[in-house]
Amino acid sequence: MRRDVFQAIADPTRRQIINMTAGQPLNVNAIADSFDVSRQAISLHIKILVECELLKINKQGRERYCEAQLGQLGEVSVWIEQYKQHWKNKLDNLETYLYQLKKERKHGK
Amino acid sequence: MENNTKDREIVISRVLNAPVALVWEVFANPKHIMQWWGPEGFTNTLDVMDLVPGGEWKFTMHGPNGMNFHNRSVFKEIVPLKKMLFEHFNPHIMFTITFAAQGGQTLLNWHMLFDSAEEFEAVAKAHGAVEGANQNVDKLSVYLEGMAAKK
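If you're matching them up, the sequences are chains A and B in order. Residues in the first sequence are numbered from 0 upward in steps of one, following numbering that gives the first Met the number 0. Residues in the second sequence are numbered from 0 upward in steps of one, following numbering that gives the first Met the number 0.
Honestly, the hints are just simulated from the structure, not real lab data. Cβ coordinates follow ideal geometry from the N, Cα and C atoms, glycine included. Please note: incorrect hints may appear among the correct ones.
Cβ pair distances, simulated, as ranges [as the list claims (entries may be wrong)]: (1) B:P52 - A:A29: 34 to 40 Å; (2) A:A40 - B:A99: 28 to 34 Å; (3) B:V51 - A:E52: 21 to 27 Å; (4) A:I56 - B:E86: 24 to 30 Å; (5) B:H69 - A:R63: 39 to 45 Å; (6) A:R104 - B:V10: 43 to 49 Å; (7) B:R13 - A:R63: 40 to 46 Å; (8) A:K55 - B:K5: 27 to 33 Å.
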């Protein structure tokens, strides 16, 4: 099977694992606890992410920690701008929602 | 606020065309916040929203293919109609949201602080890759090819 960044992000669970581990390394159990699927399923996703070189496993005693390897994603400034825009969009949603709510209340719903 | 946080924060200010009481309500009332907070294309179910210092805010995002993802934050400070501070986990982000009445409008200040510039950058990168997958794979693909070509 193809093993690259696209394979890695093709699945929503793997996308979520990348997001979770981007900030700090997490142990495998902590990752599994965040999903309503079996530990075996999460282990398989982690294995694929490792093979795609987006995750690295570090053993500390009996714990296995997953650390995101995002070097292949390149320049950070593009991503930071995009990430900020994501939050601005959320505030756009808020504005739209406030507008609807005001309108509804005016009509006594 | 410390002035050395520029490389690990997001600051957004917005004047909202609604009175501060209403703006506060759509943040503080779980019924409302779940309507606009969650990511595009997901639905959300609130598990708990205990709006007191130390109280938890947990919700489940329902993604494509029936996947469920859990989200967890802990409130640190709540000043009704003025300020809401909470700590989000995985990734670890401190959110400070302040509200100020401006006549019938509200000035909202939205601040997100990461532990370090490295974490901020990693989260932004991961988010970018993931958003790329959700919305615009072609653009991401071209971008990554460009990066690969430089290697």
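Each hint tested on the structure:
1. B:P52 - A:A29: 34 to 40 Å: Check failed, 24 Å falls outside 34 to 40 Å.
2. A:A40 - B:A99: 28 to 34 Å: 47 Å, violated
3. B:V51 - A:E52: 21 to 27 Å: Violated, at about 44 Å.
4. A:I56 - B:E86: 24 to 30 Å: Since the Cβ atoms of I56 (chain A) and E86 (chain B) sit about 27 Å apart, the hinted range of 24 to 30 Å holds.
5. B:H69 - A:R63: 39 to 45 Å: Violated, at about 20 Å.
6. A:R104 - B:V10: 43 to 49 Å: 31 Å, violated
7. B:R13 - A:R63: 40 to 46 Å: Given range 40 to 46 Å: holds, Cβ gap about 42 Å.
8. A:K55 - B:K5: 27 to 33 Å: 29 Å, holds
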